[in-house]
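Residue numbers (this note's numbering), protein chains in the order written: chain R, 1 to 280; chain V, 1001 to 1264.
Read the hints as simulated data drawn from the structure, not as lab findings. Here a beta-carbon is modelled for each residue, glycine too, at the ideal position from N, C-alpha and C. Certain hints may be false.
[Claimed, not checked] Simulated DEER-style distance windows between Cβ atoms:
#1 V:Q1182 <-> R:W28: 56 to 64 Å
#2 R:P124 <-> V:K1186: 55 to 63 Å
#3 R:R272 <-> V:K1186: 40 to 48 Å
#4 V:D1233 <-> R:G32: 20 to 28 Å
#5 R:T132 <-> V:N1128: 36 to 44 Å
#6 V:H1063 <-> R:F145: 51 to 59 Å
#7 V:D1233 <-> R:R116: 50 to 58 Å
Each chain is listed here by its residues.
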Amino acid sequence: MSGSTVITPTAPPVPDQAAAPAMGARVWAQLGERPRLVRTASALSFIAAWQVGSMTGFLDERFYSSPTAVAAAGAELFTGTDMLPHVVTTGTELLVGYGLGVVAAVLVGFVLGYYRVIGTLADPVVMALYVTPRLAIYPVLVIWFGLGLGSKIVMVFLGTFFMVLINTISGVKDVDPSLIRAARSFMAPRSFILRKVMIPGAIPSIMTGLRQGFSQAIIAVITAEMFVSLSGMGNLISTYGQAMRTDALLFLVLLVSSFAYLAIRGLSAVERRLSSWRPS
Amino acid sequence: MSETVVEARDVTIRYTSKNNSSVLAVDGLNLSIERGEFVTIVGSSGCGKTSFLYAIDGLLPIHGGEIRVHGGLVNGPGRDRAVVFQEFALLPWRSVLDNIAFGLEIRKVGKAERHAKARELVDLVGLNGFEDRFPHELSGGMRQRVGIARALAIEPDILLMDEPFGALDAQTRESMQEELLQIWQKTGKTVVFVTHDIDEAIYLADRVVVMRARPGRIREILPVDLPRPRTIDVKADPRFVRMRQHLWHLLHDNEPTLAAVQAS
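Isolated chain R (complex conformation) (with noise of 0.2 Å):
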């Protein structure tokens, strides 16, 4: 190699190969670009498939409905008035588990972020307590707090408390120490720094473990109400499933997922929305 660059005068790029390939490449490309379009023709492409596997009898529609009997079983849930007192029970718990357990999280997570010393003391014991198997507990939750909502709740309350906990710790102690700093040099209170720095500084990530605070308490009060309750989504969704109902069950179980999946997204947003100063 000379090195220098040689220009040939007699070898243009070819322009009808670079600008029209393959037809399918052509297409390829296109719908990369377009995720929306192939996500939806994906999903429908799914629900097609199902329905036609249970139309011809290749899939038996009693282990695995079909999407219009999962339709029809909706659409007989919402006219009756089964389902209601259900909802109001999960709803209940989990609002009440999730805001005790969010309020909690946050209060102890700045205390243990802040006082690096009670941190310290506190690590080994929430390290512990966030990756037990709540479920293995819940049998006890039960004989402590009954088979009603108190069960429920406490076991919300956990999935979300150490979710949110987590993640405030470490919102509180990776704020920028300079910020603190420069604060101080300002001469301001300790009250001043934990109104208009500290906090601010950790709510992005507070929000981060709010979004995954929910998904956790989701999961809590579904699973703890199949295990053992009086009523609830869970309670409902164990009892269909017993009865080999299983268009009713997987409509309950799309109803809590699109549920979940609606709510997250919506937490999603506020979490943007408060971390919109943050270099991405």
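We have chain R already, so just place chain V on it with the hints.
For chain V alone, coordinates are given in the frame of chain R:
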């Protein structure tokens, strides 16, 4: 008429290193700074220059000797001093204007008043049109303009600058130096400016304090008798060149020479 505004006597600062041993960051440092003076402190990293600067502000406790500002013993940050930090230390969730007003907000100045003051400083540091931007939308040079404006907003007598242009590229750094001199001439503040850049130290200063490391001590105080106002051209002045040469050797002659390294 000269009036001493900062007086450091036998200042000792210790810190605990990672292996839990006590290290002398600053040892027996004596320095007085006059009102309106521009003093730069130059030294290699670890010579305790930033520790000393923080000690003047009261952010860092001293373990021996005393530091007086306007005659009073320093035992914490005060109204008469403000720091410009190397890493800018701007609140990333606040606009330029609210960052500049930060110190005033801490002093419980009302919103209208502190914004008015902040706008004056926006003018002074040339950030017009960027009042509502967030720090991450600004270049390094502009962020440090915010840092300088924030410090000036509380109207301190003494401006303590900790390698404020250390994170900037060479070109931005030189224009910021020139602007800083203009601001200093306009406001008449006393400035203590820490740097590891010899050119910067001479260019800005009335006196250059040269520190050496382990333990941090003053090696020499060099008066800079170059005329003011200075422009970038002063760096070609033979006196400037001689001072640079002198400082370079002061800062480098306690490092082992290449021959010594090879011999060992």
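**Numbered hints the structure breaks, given as an ascending list** = 4 and 5
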